[in-house]
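There are 2 protein chains.
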Amino acid sequence: MFGCLVAGRLVQAAPQQVAEDKFVFDLPDYENINHVVVFMLGTIPFPEGMGGSVYFCYPDQSGMAVWQLLGFVTNEKPSAIFKISGLKSGKGSQHPFGAMNIPQTPTVAQIGISVELLENLAQQTPVASAAVSSVDSFTEFTQKMLDNFYNFASSFAVTQAQMTPNPSEAFIPANVVLKW
Amino acid sequence: MFGCLVAGRLVQAAPQQVAEDKFVFDLPDYENINHVVVFMLGTIPFPEGMGGSVYFCYPDQSGMAVWQLLGFVTNEKPSAIFKISGLKSGKGSQHPFGAMNIPQTPTVAQIGISVELLENLAQQTPVASAAVSSVDSFTEFTQKMLDNFYNFASSFAVTQAQMTPNPSEAFIPANVVLKW
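Protein chains in written order, with UniProt numbering: chain U, 1 to 180; chain R, 1 to 180.
Please note: incorrect hints may appear among the correct ones.
Copies of the same chain look alike in the list, so a pair counts if it works inside one copy or between any two.
As the list claims (entries may be wrong) - Below, simulated SDA-like cross-link-like pairs (lysine to any residue); rule was C-alpha separation at most 20 Å, straight line:
#1 Lys88 x Gln16
#2 Lys77 x Asp26
#3 Lys77 x Ala13
#4 Lys88 x Asn75
#5 Lys88 x Ser62
No lab work stands behind these hints: they were computed from the structure.
Bound-form chain U, shown alone (with noise of 0.2 Å):
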């Protein structure tokens, strides 16, 4: 029903099926992968009213099982580009995995898919940061970074009575920070 590709990888095609409803994808080596492409084979669609919640999962310092919801596949929207790395310092969200003891080995993640009602899935908010393939949300990415380094960098901001002496060193206006 599902396939997985990791760019640069070969396909795959044959999830495990760890429930009913429950389709796990194996990623080797997933500290090099950058981006993972999931889709519906186009054999069997989702049951009507029904979609696929889509997780990565991957090991904490501990061995743990971090699951991060990426997004969906739906039988309207059948596949998606997901961005995995830099994932790995994020939080886990919560998941329909909990009861599955899939093994963690250090090296290797998961992508999981979950056929959920599309009313669940409705209300189930991605991670931002896996967003691919939109012109918007990479404009939105770009605007978060230079929010980021506005606040970055004025919590650096003195005024001019706050220095202390040093002709040499050279000063930037904050608000030129802050219209760029």
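Let chain U serve as the given structure and place chain R on it in line with the hints.
Quick look at chain R alone, frame taken from chain U:
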């Protein structure tokens, strides 16, 4: 031998074979496509010493086919993600599909795969904006953006001696920007 997947759509695994060594997938409604994944199905590898160059073909305003080299798939790197949004204003490149007479429809583009000697592929340069999925290229992009920012902000830099007295204006030490 090949599959093609437009992010958000169903996978295609049956290209049109337009010559012994040339394969073409149709991309309907291509103006609404951001990313395309091209991959080997894993059934038949390339012959020893050969690989595939991947082209994007779209009709220009007069209906003529414009071909652009996106990149490559090989037995060692059997899949790749390409960003095709943003290519439509680019110039065509040399391509091996000249005599194919692939019919052009205004809203339909193509992905063409040409099986060639690896040493020929090594001499071809894909359009830079099609590259996706390498942390390096993303990091480079971010670095370039930040360099631009530093150059921009530095042009406003002043030393204390040059400052007009204004105790309320906040300044950021330039080395904070550089370190970041």
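Results of checking the hints against the structure:
no., hint, in the structure
1, Lys88 x Gln16, "neither (23 Å within a copy, 40 Å between copies)"
2, Lys77 x Asp26, "between (23 Å within a copy, 18 Å between copies)"
3, Lys77 x Ala13, "both (18 Å within a copy, 17 Å between copies)"
4, Lys88 x Asn75, "neither (29 Å within a copy, 29 Å between copies)"
5, Lys88 x Ser62, "within (13 Å within a copy, 48 Å between copies)"
The structure shown violates the earlier hints numbered 1, 4.
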